[in-house]
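Protein chains in written order, with my numbering: chain S, 1 to 156; chain D, 1001 to 1156.
Worth flagging that the hints you see were computed from the coordinates, not collected in a lab. Accuracy of the hints is not assured; some may be wrong.
Stated by the list, open to error - Example chain D residues on the side facing chain S (calculated, C-beta under 7 Å, incomplete):
no., residue
1, Asp1095
2, Trp1107
3, Arg1110
4, Leu1112
5, Phe1150
6, Val1153
Stated by the list, open to error - Ranges between beta-carbon positions, derived for each pair:
no., chain 1, residue 1, chain 2, residue 2, range
7, S, Leu69, D, Glu1099, 17 to 25 Å
8, S, Pro46, D, Leu1089, 33 to 41 Å
9, D, His1098, S, Leu156, 24 to 32 Å
10, S, Ser39, D, Tyr1035, 52 to 60 Å
11, S, Leu156, D, Ser1039, 34 to 42 Å
12, D, Gly1061, S, Ser58, 24 to 32 Å
13, S, Arg24, D, Tyr1035, 42 to 50 Å
14, S, Ser39, D, Asp1095, 32 to 40 Å
15, D, Gly1087, S, Asn8, 52 to 60 Å
16, D, Lys1051, S, Tyr29, 34 to 42 Å
Every residue, glycine too, gets a C-beta built ideally from N, C-alpha and C.
Protein chains: 2
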Amino acid sequence: MTTTALENPAQFVAENEFLQEVVRQIRAYDSYGFYRSWSDELVLSPFVVSKKKKREISTEGDIDPATKLRILCFYRGIASLIEKETGQLCQVIVDLNHEGFGWALVWSGRLLSVSRTLRDAHRFGFESLEKLAEEGEKLSKAGIELSQRFPEVARL
Amino acid sequence: MTTTALENPAQFVAENEFLQEVVRQIRAYDSYGFYRSWSDELVLSPFVVSKKKKREISTEGDIDPATKLRILCFYRGIASLIEKETGQLCQVIVDLNHEGFGWALVWSGRLLSVSRTLRDAHRFGFESLEKLAEEGEKLSKAGIELSQRFPEVARL
Chain S
1 MTTTALENPA QFVAENEFLQ EVVRQIRAYD SYGFYRSWSD ELVLSPFVVS KKKKREISTE
61 GDIDPATKLR ILCFYRGIAS LIEKETGQLC QVIVDLNHEG FGWALVWSGR LLSVSRTLRD
121 AHRFGFESLE KLAEEGEKLS KAGIELSQRF PEVARL
Chain D
1001 MTTTALENPA QFVAENEFLQ EVVRQIRAYD SYGFYRSWSD ELVLSPFVVS KKKKREISTE
1061 GDIDPATKLR ILCFYRGIAS LIEKETGQLC QVIVDLNHEG FGWALVWSGR LLSVSRTLRD
1121 AHRFGFESLE KLAEEGEKLS KAGIELSQRF PEVARL
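Just chain S, with the same shape it has in the complex:
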């Protein structure tokens, strides 16, 4: 990676395949064109939540629908990368109870390429755009490896 998010966030987002997928997912939900004039890095900015800010977010009450959508877009971004690499259609479910606990699943056929328990979903976020990209890429990579290890299950 030549550019870091600190030096030039716009270029960093533009060059990062995973972040581009996440941006695409969010824009797909933007039926009213609210984000149309926003730059990609502005669209991604709510994904960055500092530790201090996290502590300030209450985990009581229902999860903010915007946060829920961000979690979904994060895992859909991962699913897109897995689809691109393996050619297998991926399904995504984010299942959360109102306490912020639940599951995020990405699967093709009968293979769960990503399976994560979620907790404190109210506070979903990453320290930086780089961390967001890193985490997404790590999960995608593990999912792709699993699909390649058990192609028969993914094709069921």
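Since chain S is already given, all that's left is putting chain D on it; use the hints.
Here is chain D on its own, set in the frame of chain S:
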């Protein structure tokens, strides 16, 4: 099977392993002891919905929480049978949107032993207790076979 549900529903339910699991699941959710004095076949009776009655249930508006719980208990019953047979812990998710579309998933490790799309969930039900048992056993059997075919994936 010696007894049919028509001849003697109580005995049929008592002798059927799958139906017993479903009853156990429902009773587990019965925190207020509402069903404590109910017989097993009475507890299962809302699972039986005739075709005529199904047509009368509107698919508009949100799904009745009781129906949602019945769907969950049905799949949890299947998960129990798979657990018993394979010794693998199973997770269950029923994810429905307010239009009654969604997924029912049962998995162990990275293997989806049951994966079904749901539609018209408002009208969830079976023609008879026998049909309910049959459908549950069919799904459990397929799930067990899959787990035995790919034990490595189920243990991941």
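Original post:
Which numbered hints does this structure break?
Top reply: The structure breaks none of the hints.
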